[in-house]
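Trainee: Here is how the chains run, residue by residue.
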Amino acid sequence: MDFSLFLNEAWIARGAIWDGFQMTVAISALAIILGTVLGVVVGLALVYGWAPVRLFVRIYVDFVRGTPVFVLVLASFYILSIIGIQLSAFQAGVLAITVFCSTHVGEMIRGALAAIHRGQIEAAKAIGLTFRQTFQSVLMPQALRQILPTWVNAATEMVKASTLLSVIGVAELLLSTQQIISRNFLSLEFYFMAGFIYFVIDFSIERFGRYVERKVAYS
Amino acid sequence: MADPLLVIENLHKRFDDLEVLKGVDLTVDAGDVVSIIGSSGSGKTTMLRCVNLLEEFHEGRIVIDGEEIGYTQKGGKRHMLPNSVIARHRALTGMAFQTFNLFPHLTALKNVTLGLIKVRKMKKDEAAEIAQRWLDRVGLLDRQDHHPGQLSGGQQQRVAIARAIAMNPKLMLFDEVTSALDPELVNEVLSVIKDLANDGMTMLIVTHEMQFAFDVSSEVIFMNQGKIGEQGPPSELFNNPKTTRLTEFIQNSSF
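Chains as they are written, first to last, in our numbering: chain E, 50 to 268; chain B, 100 to 354.
Don't read these hints as lab results, they were simulated from the structure.
Take the hints with a grain of salt, since some may be wrong.
Stated by the list, open to error - Below 25 Å or equal to it, Euclidean Cα-Cα: the simulated BS3-like pairs (lysine-lysine) are:
# : chain 1 : residue 1 : chain 2 : residue 2
1 : B       : K341      : B       : K121
2 : E       : K264      : B       : K223
3 : B       : K220      : B       : K269
4 : B       : K222      : B       : K209
5 : B       : K209      : E       : K264
6 : B       : K326      : B       : K341
What the hints assert, rightly or not - Going by beta-carbon spacing under 8 Å, a handful of chain E positions derived as facing chain B:
#  : residue
7  : F55
8  : Q169
9  : E171
10 : A172
11 : K174
12 : A175
13 : L178
14 : Q182
15 : P190
16 : Q191
17 : L197
18 : P198
19 : T199
20 : R263
21 : Y267
As the list claims (entries may be wrong) - If you anchor each label on the Cβ, the simulated ranges turn out as follows:
#  : chain 1 : residue 1 : chain 2 : residue 2 : range
22 : B       : E283      : E       : R103      : 45 to 53 Å
23 : B       : K223      : E       : R181      : 30 to 38 Å
24 : B       : D102      : E       : R167      : 48 to 56 Å
25 : B       : G174      : E       : A164      : 21 to 29 Å
26 : E       : P101      : B       : V184      : 24 to 32 Å
27 : B       : S251      : E       : Q71       : 49 to 57 Å
28 : B       : N339      : E       : R181      : 46 to 54 Å
29 : E       : G133      : B       : V184      : 43 to 51 Å
C-beta: ideal position from N, C-alpha, C; glycine also.
Given these sequences and hints, build the entire structure.
Mentor: Right, dumping it as structure tokens:
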């Protein structure tokens, strides 16, 4: 392996790498944020929803979780356009990963709320808190702390899932890397570099998660 | 004479087919300290939980300070009141639980201020001042910034009592507050309750601590199979039980 050749090619391709990196971060961040917000709604619906709503959301969660993300990405790009919803590849991809993320977060929230001891709700009732106040001040803060480690794990999975958008032509890090390799044929070096960048992104998320965990720990 | 603070009339409660309360009548005057004793399953905790509306009940009425709580009669039918009214009714009483039920994500101080800020709509400073006064009263002012996980069981229960009483309830309910504690931690909690009783706080105490019930109560109630079996001042009830059930119960209890 000629290291100086690689460095030279990497320098030439720096713009494409940087663009791909930014695209990967943008897709992941959007999908994680939107997916988490939607996931909280999904989780609440699963726990407190009116029975028909609960059934509908349960079907949504099971269906999405039983489908490969790759299929979700292709479906939101190709199938939605057939029924008249025209999304760009970027929008379709973010939608697919958001939906995927929401089902995972939804299940985490459901589990966390179910794990909170009944006495917590009773104590809140006993001091006269309404359900909304109980939810805001007692249940949600505990549930969010509870899901944090699993949520961090899910977030790193979303970054990895973002590579699937390369198939529908979103120039994220993997597709950019493939394009660079098609010009200079340094596949080993550039795939290694891409892998390393993904590692750095996920490692940063994980460290950040640990930091927040420590910050909000209560004993 | 003033109206009684708490009136329970013909209270019935079922869990499916099991009738746990079979018509309880009880009157508590302001300043009374009433202990409720009896074997497991006799309905004492359930009765207490009905007074705090943590349990629904199927018949009868509970009146606190002249206001009927939880239900209303409309056209001969009994309706549950809306949740906002129920929440207000719950705040008339304070409850301390067997398992403390402190909020683990909040410090001792914030456990106490939460209700003051959200329910009593106090400003933060004002709430903190009241909370600190009560934490001081239960001997835990120096632990105000600790989380429940950093406190012993006895300390947690004292914070829980401070949390309930800071809300300035008309009536305090204690549900077997020492049952989950190590023996050496029981007394610190009981002495806090005694201290509050001496202050004139009206209390309903479900307990298995017979000596404590004897010492602190103005009246003791013996619950038996969902009804009040016997009732009277502690000296009378403990020294001259009239029913064989109570005689047996006292003999089998450790003093």
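Trainee: Could you check the structure against the hints above and give me the numbers of any it violates, in ascending order?
Mentor: Violated hints: 7, 17, 18, 19, 20, 23, 24, 25; rest satisfied.
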